[in-house]
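J.: Sequence:
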Amino acid sequence: MHAVAVVARRACHTSVLKGAATRSVQTLAETGNAAGGKLADLGPTTSKLPKAKGRVRQVKLFEDLPSQRLDSNGDIAAPLPAWAPDPEGVKSVATPKRTVRRKKKSDAEPGDSKDLASDALTDGPEVPLLHELGAEGQAWPPLAKEVLTNMARFPGCVLLTRVGGFYESYFSQAPELASLLSIKLASRTWGGRTVGMAGFPLSQLEKYLKVLVQDCGKLVAICEEFREFAHSAGSLDAQRDLEEDDPKIRRTFNEGVTIKRRVTRVVTPGTLIDEKFLDPFSNNFILSVSSLPASESLEASVTETAQRIYGLAWLDVSTADFNTTICTDAVSLRDEVARIAPREIILQAGSFTDETGNASDQKASSNTTTGHPLWEALDAKSVMVTYTTDDMMGGGALLDSSPFQLNLSGMTAAENRAVSYLTSYLQDRLLNMASSALSNSTPLRRDRSQVMHIDAHTMSALEIKESIREGGVRGSLASIVRRTLTRGGTRLLGEWLTSPSTNLETITSRQTLVELFLNNSFLRDDLRLHLRRGAGDVSRVLQKIVTARNDEQDLLEVRDFIETCDAIVARLQAEKKSLPVASTQQAGADSLEASEEFALHRLADSFQALTTLGSELADAIDAGVMEKRLRAQAEMVRRMESEAAGKEGIYTENDQNTGDKAPVRKSKKGTGESSTEDDGLWGQPLEHLIRPSSSQDLQALTKEHMSLRKQAKKLELMLKEHFTERVTLKFLLGQGYVVHFPDFKEKFNEIIEEHMTPAQRNKTTRTFYHRKWSVIGNRLQRLADQLREKEALELERLRQNVMLALSALRHNARLVDQLDVLLGFSQLAQELNLIRPIVDESRDIEIRDGRHLSVEVGLLESQAAKATAEEARSLINEQSTLAKVVPPPPSPALQQRSFVENDLSMHADTDTLHLITGPNMGGKSTFLRQNALMAILAQCGSFVPASYARLGIVDRIFSRVGAKDDLFRDRSTFMVEMLETAEILARATSRSLVIADEIGRGTTSEVGLAVAYATAHQLYSIGCRALFASHFHEVADMLSYSEAVDGAGGAGRRNGDRFAKIRFFCTDVEESSTGSISYSHRLRPGINRDSHGLKVARIAGMPPRAVHVAEAALQWIQGPSGWSRGAAEARMHDQLELLDRATDN
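What the sequence shown shows, in the UniProt record's numbering, is residues 1 to 1145, in sequence order.
In short, the hints are calculated from the structure, not lab data. Hints may contain errors.
As the list claims (entries may be wrong) - Here are the simulated PhoX-like cross-link-like pairs (lysine-lysine), alpha carbons at most 25 angstroms apart as the crow flies: (1) LYS714 to LYS703; (2) LYS544 to LYS576; (3) LYS720 to LYS628; (4) LYS381 to LYS964; (5) LYS210 to LYS276; (6) LYS703 to LYS772; (7) LYS184 to LYS145; (8) LYS210 to LYS381; (9) LYS465 to LYS964; (10) LYS544 to LYS713; (11) LYS276 to LYS628; (12) LYS207 to LYS276; (13) LYS710 to LYS720; (14) LYS710 to LYS763; (15) LYS790 to LYS710; (16) LYS218 to LYS544; (17) LYS628 to LYS544; (18) LYS790 to LYS544; (19) LYS790 to LYS703; (20) LYS381 to LYS465; (21) LYS184 to LYS218; (22) LYS720 to LYS772; (23) LYS772 to LYS714; (24) LYS276 to LYS544; (25) LYS276 to LYS381; (26) LYS544 to LYS207; (27) LYS713 to LYS772; (28) LYS544 to LYS210; (29) LYS628 to LYS790; (30) LYS465 to LYS210; (31) LYS145 to LYS260; (32) LYS145 to LYS218; (33) LYS381 to LYS207; (34) LYS276 to LYS465; (35) LYS720 to LYS763; (36) LYS703 to LYS713; (37) LYS218 to LYS276; (38) LYS1095 to LYS1061; (39) LYS207 to LYS218.
None of the values given here were measured: they were computed from a predicted structure.
Produce the complete structure using the sequences and hints provided.
T.: This is how it looks when you write it as structure tokens:
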């Protein structure tokens, strides 16, 4: 108070205001001994003083200013110490003014520079730039310090910091971000230094995340902005008791806001949750792989020859699909990784650099086998690789101390370590969301003995997931058989196609349901209709809910999913009643389980009842309000586009008017609010996303809000009576709650001055503040805020209820996905005329009239496209000709062939290997592939394209089809062929199915023939089912084929021969008198020793001269004077001269 008195005395200018100074001193003297004195009225007092020339200073009089300082007990305290002009002392006491220590130019370090390169940050927790000062001693502002700290905390990441309505990047990362995203690079001055800056609006985050994460493979750390409002305790309740004209009412709109920022997530390719660019039809797996010596594993499946055991754990963060398994050799690991197809992989450091013991390990000096087979399954351009160690994941303690609470019972040490690597990595990337992302998600251990093994080469050769030629999904098996309606069903279909079951019970139960749906088209159509309407993608919706990234629409999707499940169960129960009762006195349990009644009963009872939760969500959430908001958003976008196109009409959204048909108003200052016409209430009603009937608090607040709207309506009617019918009560941005006069008259001034305060005026329109309307409007605003808060709490309660039913919801989601796939199989069987195969435990294959689905569908599409083009040409000709035109004959394009069916009969006791010869383009490769694909479809539970099919369980499928090299790994075409052949011969079992096409073609004919014979010999010794296609007809002779047994069209096999279980088949061509050829594409017993390759070359468009030379050379080679490696040098010279003369003719 001593300082206040000094200021007061200085304010008394004795030369001008001597009288006032005297009165002030007398007042201070009278109240000098008063305890606890305080300032009187802070407003200026009027004094009758003579006007002074020039500037006059106003004086405030203090009535009871004390002269003594009191302590907390009310006693007179000791006087304050003398003031010392010490800068440090002033700083230590408390000075609100910010002081900046400036650096002299002479003290500036030589390394200080304003270049962007000086702001480069090294990896590690240290922040070297944080405490550096600018050229004039300026420190970094708080935002710059936050950015530098986060860049040090998340090295190797692109940091995106939210600043208001933008995500921005600074320092050395800004130029890189601007280059990657093709956005403008700017700069700003921080602490006297110029730093780079680049950014984009919030609405563009999804777009640029796709570029950074998916396209460029970057790690992106997102630093969000959080606003904390400084509410005083009980402020809202206290304001209700204030007087109408209390100035404290307006003060509530200027609450203090504190902005805090923190990194909430590091986005990587494998940790995507709900991004819009996430592929909805395929899983987005992140995979971790551990490696342990086989001696440390107690797994019974580990063989004695295995050197290491690999543990795999993979998770789709967007769906919570969590699986684990083990592989006992490096090649199996490669095949499993190719099947999973992860977007991101975590590897144990130091375990995947050198080749380990496996079947394809070649002890050669060449560098063709120095890399681990795992890398063959990974595309370096699309898969992000991260290395980890036990130290980085805390020695496995994470699983015990973290909130993940995973059940890892029954898993091996290698799987436990892989899970530890994965969960540790997720905690580093998802931060606070890591535990919720794995909520109620128990890893499912995948037994590899229960599924068919399809190696990586076969997956590509059979085009199961992608087409080889186009590189996309079109033309692949997955695209041909897909008839699913849900996204989850499509993802499950891909999983079944890449890992068909080997469990006979599982296969039979699937086929039973497919046959039931195929025979009952009404049931199939009804169930597919339910799936189409309300199934949605609930697996990914649930992940958004557990990670608290959901909105109201996600809760509605859960409600729709529950209603869909109830409808499906009801339809299945009704269908079960209409089926004939199956006899319970049948011979065995197998026939009962295979019955349609049992299959329906088991499927219907598998669903868990969630009707209560569905009813709660339906009763609480008003779907109509959600639909209105969505339509309003769409209308807003449409109007904004119209405005950008130069059309009339400007859309202005009302703060309290979010209705379906929002009026179009042309407003410069903001949004307005007026009363409704006939409901007796002011303004638009609140749109309750949560129905008020679901909460007593919401009912009370809604009732009070309606009461205030009624008071506002009465006030508005009163003003209309006093002034004009056009006067309205409104809320305008920048002004608040005002009385609006669209056509103000001067005669209103006298009345208005008594009741209102002017707010704003223009040429014809004026607005005024009315005390009663201000109070009502402010209360309406507070009630609206409270209602939104209560609705948010109610939505959180509903979210928690969904969390309680999370396990049941995920269980039902898996059932719906399976049902969708099986319904799709039945739809496919009806459309493409498929039949139910017989799958048993034998090692036989019996197929009649088999077809290749992809080739057949491709032929049909080609014919349909050409027929459409021909019809279009005919229509054009008719329109361009006045005379009647005779329809042209069908063009050759319309006379395309249909697919030719073929049979296959293989029995373990009589024939296990078929050698197939024939011309190029004869259909050998298609025949090989179609039989392998039928085995895959049959063991998935689907029907197959044939008139009859019986297949024994296949444990593995291998293929050696096509010719390609691997230049990246320095492997020639023949080397690739030999590596794949070596794997087949080392890993095939007696239950395997092998298809081999043109083995030995990548080298000389003699060596190729020898390799082909050796491969066929080894496959025969293994006893597996093998289809071996080759142009080396000499292999048939080497395998004891003889046409003398039963003619050229016979099997060519004698009983008791060494290769008695080998059969020989071939394809033929038909040549016309004009020299053209046609392929029969039908297999017959025997050998075809002519490839007709030159005719294929002529059809392909090879120059006639080149074809003539090739024909002459072929005749010379096959003639008596042809090529001979053993001929003398002089004779060889003569032979070459004969060849030159033959080709010159």
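J.: Determine which of the earlier numbered hints do not hold for this structure and return their numbers in increasing order.
T.: 2, 3, 10, 14 and 38
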